[in-house]
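K.L.:
Next come the chains, spelled out residue by residue.
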Amino acid sequence: MRTVERAVVDGWVVAKRNLIKIKRVPEILVFVLISPIMFVLLFAFVFGGAIDPGGGVDYKEFLIPGIFAQTVVFGATFTGAGLAEDMQKGIIDRFRSLPMSSAAVLVGRTGSDVVYNVLSLIIMAITGLLIGWRIREGALDALAAFGLLLLFAYAISWVMAWVGLMVPSVDVINNASFIVIMPLTFVSNAFVPTESFDGVLRTIVEWNPVSALTLAARELFGNIPPGAGDASDAWSLQNPAAYTLIWVVLILIVFVPLSVRQYKRSASH
Amino acid sequence: MTEMISATGLVKRYKNVEALRGLDLSVPEGKVLALLGPNGAGKTTAVRILTTLLRPDAGTATVAGCDVLADPDGVRARIGLSGQYAAVDEYLTGFENLEMVGRLYGLGRARSRERARELLERFDLTEAADRPSKTYSGGMRRRLDLAGALVAEPPVLVLDEPTTGLDPRSRIQMWDVIRELVDSGATLLLTTQYLEEADRLADDIVVIDHGKQIARGTADELKAQTGGERIEVVLADPGDRERAVPVLARVAIGEVTADNGRALVTAVSGGAAALEQVLRDLRTEGIEVLDIGLRRPTMDDVFMTLTGHSAEEHSTADATEARKEDA
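Those protein sequence lines, which keep their order, are chains A and B.
As numbered in this note's numbering, residues 207 to 475 make up the first sequence, in order.
As numbered in this note's numbering, residues 16 to 342 make up the second sequence, in order.
Since the hints were made in silico from the structure, they are not lab data.
Source: prediction; values computed, not measured.
From the three backbone atoms N, C-alpha and C, an ideal C-beta is built for every residue, glycine too.
Don't take each hint at face value.
[Said to hold, decoys possible] Taking lysine-lysine pairs in the DSSO-like style, the calculated list, with each CA pair at most 30 Å apart, reads:
1) A/Lys470 x B/Lys149
2) A/Lys470 x B/Lys30
3) B/Lys149 x A/Lys222
4) A/Lys227 x B/Lys149
5) B/Lys149 x A/Lys295
6) A/Lys295 x B/Lys227
7) A/Lys295 x B/Lys30
8) A/Lys229 x B/Lys149
[Claimed, not checked] Rough simulated footprint, nothing fancy, chain B against chain A, three-plus residues with beta-carbon under 8 Å:
9) 288–300
10) 304–318
11) 386–395
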């Protein structure tokens with residue numbers, strides 16, 4: 207228990223350090239927040255006319271939770287990039303020579319990156335509301351949806367932390383995350399309904415945790431009537447919130463120890 | 016006397032190179048040891064092992080009584096490391112950097128802030144305390160980095176090439192700061208490729224090349240290995256050379272070497288007395304002198320004598336290793 211306490215106390219010190227950077231370089235934030243707005247507008251107005259989610263559901267209603275899911279998952283790139291940058295600059299060496307918790311740098315980084323995701327969710331929600339997306343269930347359900355999105359993003363953050371500690375530079379992490387996250391979010395029901403996929407691809411979509419996350423968010427926001435839009439018999443889509451949580455737990459169980467181990471043996475130079 | 020740093024048989028292999036091939040080190044309490052060697056000699060690798068950043072492939076090391084492999088946290092709590100690459104966070108102010116380090120040493124908020132202020136004052140950074148360290152000059156960053164190593168007043172300090180890349184003025188400032196630390200009783204391991212730096216700061220010098228110790232001793236002892244003092248004479252008239260050689264030969268230990276022009280050099284043992292005699296005899300002979308001096312060999316001479324190559328001349332393989340260490 208003592209270990210966990212140190213990790214949290216030291217992690218908070220590191221998180222504060224990361225947040226100061228946002229304050230000093232607010233430009234970072236501008237780009238973080240503009241790209242989700244762009245995604246919302248592009249998909250809603252470019253594909254909006256061409257894609258029919260079925261069941262009489264409006265595409266904008268269908269789309270926004272998908273954009274939420276995609277954006278917060280992409281947010282994990284920041285975790286990897288931040289760690290890769292710290293490695294390059296030798297800051298990780300300094301941290302590793304201090305008598306601090308060996309999980310703290312990772313706890314702090316993944317923690318402070320939640321702030322990015324909270325901000326981008328707020329911005330996207332406002333943009334969504336402006337173009338016709340609505341929260342149709344109760345406030346508690348909506349909070350649960352946002353919570354689920356943040357939890358899943360937090361777990362993915364640990365995956366990218368592990369990658370970030372292994373790659374030699376920030377550029378590599380940006381490309382790496384693009385290669386992983388693009389297919390993960392596009393081969394899902396985030397932008398088009400599950401029914402539009404066939405064969406193997408459909409099975410992948412059904413069991414892709416991003417699909418479950420998106421569907422869970424749609425249901426909690428009340429953007430689709432129950433059973434509509436994502437008619438699938440797969441257990442993952444019948445119990446999307448539970449399935450998402452299982453993934454969150456699994457990812458954390460695997461990647462928290464893996465990342466901490468990588469941190470301990472990482473060599474910046 | 017207690018050994019604050021002690022390492023035996025350290026070996027570290029990278030893919031193609033052996034960065035360390037059985038290095039032994041020992042630093043008694045309150046002493047300064049300089050690890051001297053050219054780029055790629057293995058200095059940084061040794062430092063990384065002693066500061067728990069890297070595991071050796073063989074060998075053991077203890078720092079302030081803690082084993083680097085068995086008790087890395089114990090080591091970390093007792094050392095302060097200041098690296099070659101000034102590892103300060105450029106977006107944080109000087110004050111924030113030091114406060115953060117204090118918190119991570121477990122000093123607590125109030126004590127961390129107090130310590131940060133003390134150190135900024137001591138390192139002449141008070142005015143810059145609230146500016147992001149991105150705006151600092153190279154010398155200021157280095158001082159801030161060193162201040163970071165001192166936050167918890169650790170008994171052992173490890174400084175990896177503290178003045179590499181600094182301009183001469185900042186280097187001398189840095190030397191003053193390090194001297195003060197030493198005077199206040201810190202045990203210090205210092206790596207450097209500047210021979211003068213080791214001479215000025217260290218009680219004891221280990222010269223390493225290709226991952227192994229090639230000599231050890233005080234600056235004076237190392238210099239003595241290359242033949243002690245020398246008298247260098249520059250004649251006003253090159254034609255006097257033949258007559259000047261026997262004069263020098265009277266006090267010489269070995270041969271008198273003359274270049275093609277007007278300079279003569281010889282190793283002597285008598286020091287000032289020998290110099291006085293040479294001057295007197297030259298005057299008696301009516302030989303005019305442009306310049307004459309008693310020179311102690313430079314540390315470059317030491318390196319040349321010990322390794323047979325100068326500190327700069329290194330093979331391609333070493334250059335690759337140097338890049339690996341410095342990348």
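K.L.:
Under a C-beta cut-off of less than 8 Å, do 3 or more residues of the segment 288–300 of chain A approach chain B closely enough to confirm the stated coverage?
P.N.:
The restraint on the segment 288–300 of chain A holds, since 5 of its residues have a Cβ under 8 Å from chain B and three suffice.
K.L.:
A/Lys229 and B/Lys149 were given as a pair; does the straight-line alpha-carbon distance stay at or below 30 Å?
P.N.:
OK: A/Lys229 and B/Lys149 at ~14 Å, within 30 Å.
K.L.:
Examine the segment 304–318 of chain A for residues whose CB is less than 8 Å from any CB of chain B, and state whether their number is three or more.
P.N.:
Holds, because 4 residues of the segment 304–318 of chain A bring their Cβ atoms closer than 8 Å to Cβ atoms of chain B.
K.L.:
Is A/Lys227 within 30 Å of B/Lys149, Cα to Cα?
P.N.:
Answer holds: A/Lys227 to B/Lys149 is near 12 Å, not above 30 Å.
K.L.:
Against the 30 Å threshold, does the CA-CA distance of A/Lys295 and B/Lys30 hold or violate the hint?
P.N.:
holds, 23 Å
K.L.:
Need the status of pair B/Lys149, A/Lys295: alpha-carbon distance at most 30 Å?
P.N.:
holds, 12 Å
K.L.:
Three or more residues of the segment 386–395 of chain A near chain B by CB distance under 8 Å?
P.N.:
violated (count 0)
K.L.:
Between A/Lys295 and B/Lys227, is the straight-line Cα distance small enough, at 30 Å or below?
P.N.:
holds, 29 Å
K.L.:
Holds or violated: A/Lys470 with B/Lys30, Cα cutoff 30 Å?
P.N.:
holds, 20 Å
K.L.:
Run the distance test for A/Lys470 versus B/Lys149: straight-line Cα separation, threshold 30 Å.
P.N.:
holds, 27 Å
K.L.:
Verify the proposed pairing of B/Lys149 with A/Lys222, using a straight-line Cα cut of 30 Å.
P.N.:
holds, 18 Å
Taken one by one, the earlier hints fail for this structure only at number 11.
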